[in-house]
Amino acid sequence: MRIVFFGDSHAHALIRALNKSGDQSGLTAVDIRRIEDGKTNNKTILTNLAQSYPADHLFCCLGGTEYNLLGLIEADEPFDFLVTPDDTILPDRKPVPNGVIRSALAARMRSALGRMSEVRAQYSCPFTCVAPPPPFAHIDDTASLPRAFLPHLTKGIAPASVRRKLYMVQIGLLEAHCRAEGIGFLPAPVAVQDVDGFLLRNCWRNDPTHGNARYGAAVIGQMRDFQLA
Amino acid sequence: MPNSHPYRGCPDYQFWRKEPAIQEPRAFDPVVSPAFHIAPDDAVVTAGSCFAQHVARYLASNGFNFLVTERLNSAFDPKFAAEFNYGLFPARYGNLYTARQLRQLIERAYGMFGPVCDTWAASDGSVVDPFRPQIQPGGFICAEELALDRAVHLAAVRKAFEKMKVFVFTLGLTETWMDRRDGAVYPLAPGVAGGEFDPEIHVFHNFTVEETVADMQASIDFIRTRNPGVRIILTVSPVPLNATAVDRHVFTSTTYSKAVLRVAAEEICQRNKECDYFPSYEIITSPYARGQYYADDCREVRPEGVEHVMSTFLRHYAETGARTVTRQTKSSTSPTSTVPEAPSVEKLLQVLCDEEAIDNE
Numbered sequence: 001m002r003i004v005f006f007g008d009s010h011a012h013a014l015i016r017a018l019n020k021s022g023d024q025s026g027l028t029a030v031d032i033r034r035i036e037d038g039k040t041n042n043k044t045i046l047t048n049l050a051q052s053y054p055a056d057h058l059f060c061c062l063g064g065t066e067y068n069l070l071g072l073i074e075a076d077e078p079f080d081f082l083v084t085p086d087d088t089i090l091p092d093r094k095p096v097p098n099g100v101i102r103s104a105l106a107a108r109m110r111s112a113l114g115r116m117s118e119v120r121a122q123y124s125c126p127f128t129c130v131a132p133p134p135p136f137a138h139i140d141d142t143a144s145l146p147r148a149f150l151p152h153l154t155k156g157i158a159p160a161s162v163r164r165k166l167y168m169v170q171i172g173l174l175e176a177h178c179r180a181e182g183i184g185f186l187p188a189p190v191a192v193q194d195v196d197g198f199l200l201r202n203c204w205r206n207d208p209t210h211g212n213a214r215y216g217a218a219v220i221g222q223m224r225d226f227q228l229a
Numbered sequence: 001m002p003n004s005h006p007y008r009g010c011p012d013y014q015f016w017r018k019e020p021a022i023q024e025p026r027a028f029d030p031v032v033s034p035a036f037h038i039a040p041d042d043a044v045v046t047a048g049s050c051f052a053q054h055v056a057r058y059l060a061s062n063g064f065n066f067l068v069t070e071r072l073n074s075a076f077d078p079k080f081a082a083e084f085n086y087g088l089f090p091a092r093y094g095n096l097y098t099a100r101q102l103r104q105l106i107e108r109a110y111g112m113f114g115p116v117c118d119t120w121a122a123s124d125g126s127v128v129d130p131f132r133p134q135i136q137p138g139g140f141i142c143a144e145e146l147a148l149d150r151a152v153h154l155a156a157v158r159k160a161f162e163k164m165k166v167f168v169f170t171l172g173l174t175e176t177w178m179d180r181r182d183g184a185v186y187p188l189a190p191g192v193a194g195g196e197f198d199p200e201i202h203v204f205h206n207f208t209v210e211e212t213v214a215d216m217q218a219s220i221d222f223i224r225t226r227n228p229g230v231r232i233i234l235t236v237s238p239v240p241l242n243a244t245a246v247d248r249h250v251f252t253s254t255t256y257s258k259a260v261l262r263v264a265a266e267e268i269c270q271r272n273k274e275c276d277y278f279p280s281y282e283i284i285t286s287p288y289a290r291g292q293y294y295a296d297d298c299r300e301v302r303p304e305g306v307e308h309v310m311s312t313f314l315r316h317y318a319e320t321g322a323r324t325v326t327r328q329t330k331s332s333t334s335p336t337s338t339v340p341e342a343p344s345v346e347k348l349l350q351v352l353c354d355e356e357a358i359d360n361e
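The listed protein sequences correspond, in order, to chains A and B.
Quick note, the first sequence lines up with residues 1 to 229 if you use full-length UniProt numbering.
Quick note, the second sequence lines up with residues 1 to 361 if you use full-length UniProt numbering.
Since the hints were made in silico from the structure, they are not lab data.
Careful, some of the hints might be misleading.
What the hints assert, rightly or not - Straight-line C-alpha distance at most 25 Å; calculated DSS-like pairs for lysine-lysine:
| # | chain 1 | residue 1 | chain 2 | residue 2 |
| --- | --- | --- | --- | --- |
| 1 | A | Lys155 | B | Lys79 |
| 2 | B | Lys273 | B | Lys165 |
| 3 | B | Lys159 | B | Lys273 |
| 4 | B | Lys273 | B | Lys163 |
| 5 | A | Lys94 | A | Lys155 |
| 6 | A | Lys94 | B | Lys163 |
| 7 | B | Lys159 | A | Lys94 |
| 8 | A | Lys39 | A | Lys20 |
| 9 | A | Lys94 | B | Lys79 |
Stated by the list, open to error - Label-pair restraints from in silico Cβ distances:
| # | chain 1 | residue 1 | chain 2 | residue 2 | range |
| --- | --- | --- | --- | --- | --- |
| 10 | A | Ala180 | B | Arg302 | 35 to 45 Å |
| 11 | A | Asp196 | B | Asp118 | 27 to 37 Å |
| 12 | A | Glu77 | B | Val209 | 41 to 51 Å |
| 13 | A | Ser117 | B | Asp297 | 35 to 45 Å |
| 14 | A | Gly156 | B | Asp118 | 31 to 41 Å |
| 15 | A | Asp86 | B | Phe197 | 23 to 33 Å |
Heads up, the beta-carbon is just placed ideally off N, CA and C, and yes, glycines get one too.
Just chain A, same shape as in the assembly (with noise of 0.2 Å):
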């Protein structure tokens, strides 16, 4: 059984694993940006995917870090919004409709589904898109932020119910999508995040939006299990 993991960033959590733990079982994991020369990354999905990674089963994570391009870094004027009706707003931030969030996230994601369909029209054996990993709870002085949000770091970093608000609403529009496309959807490990849905403090190093290998192997736990099931 040849299962292959096409990702972007979010590959790497998988490679790691794999690398660390010598896997032999026939899963690749794959970071689809730089597959030409391993280094370059490239938003170009190439079109000889499946000659070069023949698969039983395909597995995908594109993109995946929309939620923390839009709500990282604590905005300007701090928002808040509702996912359910016994969600609260924190105190001294902006209400802003869930529709506006949605649009928001939808039109950032829309990239990334694009090129996960580009992925899958180029295979006919089943595939399921993974969800990212989720935030973390509260940043620590060995974490280090992303390049791109450095210049915005006098902000400070939005409150952890918030990124968490807006990551169950990418998860909810990454599910939408697969029910529309008729896609399998992965959520994020339950052993992974603490009992309020963050990503455990083990699960990532020093980069907030990426999980480490430990988060890797779990992901491929739950590939070879949902690929069992």
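Use these hints to put chain B onto chain A, whose structure you have.
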């Protein structure tokens, strides 16, 4: 020596056959003596029927201080502002077709009126604001979210009415649907864009001149208790009714409605100081225009008509004496806008017209 009579010596504009627009339709200018002018830094607030959206756009892109008090959070790309109707009007109240709607908006904003029914369920499970049913595409996710948004919205309404120097209100309709329990009026009949029509609760009402005058006067009186210096311009929308709930031809209902609104506007302007009637209705509908300002559906106003209206408005009301209007195009910007608060209203090309949702199918 000619005989003396009351018309002798009157200005040409009082005589039909001396109207230059008989020869040149674009020359038609029925404005005679504005009671005031609008300075570039005077905060202008607009409200009313869908024609008022044209007024808002033109003011924003022609150097007026078009006040917007309810904006999309700056964390989001401005392109979403248009999608969610931010900047269409100073606050997200959508179209206010009747004077009663304006009055009740003010009463709700200042806690003087709490409608019995303040949420409508949509067919997709979302929740709709009965008083602005098309303001939030896709609806609100729950009543709690609507309540949060409404609090923000009504605060923005208060701010707009208290900060404005000039209020431009376009009277659009006399027909409305009302909740008979408390008199709350809706811009759309229940069931059209949310809610469910219940003949036990919802009743049709066609406002009279007296009612329209009373509602408009009450609105002006309250606004002036909060904002004594505000100057007011009333207009009547030249857009005919899309549908009538009265069992007669829609055009007959249109003439009734426009006649009521025109008379009410006249009476209000005579009663109140610094309150002008601006004849946008006349510019579009007069025989001088030869019907050319209406689009192929005989209802929508062509851009040329809007431009005629607004260039006339600018000529007479802009303190700087603007003589030309920046034509609204998809790519147009607001080069003459000097106001930091002016929204990208010129991008809001899609006119929200709640009325369009009404059909008999």
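Structure-based check of each hint:
Our distance criterion of 25 Å between C-alpha atoms is met by A:Lys155 and B:Lys79, whose separation comes to about 24 Å. Using a Cα cut-off of 25 Å, the hinted pair B:Lys273 and B:Lys165 holds, with the two alpha carbons roughly 14 Å apart. As the CA atoms of B:Lys159 and B:Lys273 are separated by approximately 23 Å, the hinted pair is consistent with the 25 Å bound. Pair hint B:Lys273 plus B:Lys163 holds up; C-alpha atoms about 19 Å apart against a cutoff of 25 Å.
The suggested pairing of A:Lys94 with A:Lys155 holds, with an alpha-carbon distance near 16 Å, which does not exceed 25 Å. Restraint check: the Cα-Cα separation between A:Lys94 and B:Lys163 comes to about 21 Å, which is no more than 25 Å; the hinted pair holds. Using a Cα cut-off of 25 Å, the hinted pair B:Lys159 and A:Lys94 holds, with the two alpha carbons roughly 16 Å apart. Note on A:Lys39 and A:Lys20: the hinted pairing holds, with a Cα-Cα distance of about 20 Å set against a maximum of 25 Å.
About 19 Å separates the Cα atoms of A:Lys94 and B:Lys79, which keeps this hinted pair within 25 Å; it holds. At about 40 Å, the CB distance of A:Ala180 to B:Arg302 agrees with the hint of 35 to 45 Å. Evaluation of the 27 to 37 Å hint for A:Asp196 and B:Asp118 yields a pass: the beta carbon distance comes to about 33 Å. Roughly 45 Å separates the CB atoms of A:Glu77 and B:Val209, a value that falls within the hinted 41 to 51 Å.
For the hinted restraint 35 to 45 Å between A:Ser117 and B:Asp297, the CB-CB distance of approximately 39 Å keeps it satisfied. In this structure, A:Gly156 and B:Asp118 meet the distance hint of 31 to 41 Å, their C-beta atoms being roughly 37 Å apart. Roughly 31 Å separates the CB atoms of A:Asp86 and B:Phe197, a value that falls within the hinted 23 to 33 Å.
Of the numbered hints stated above, none is contradicted by the structure.
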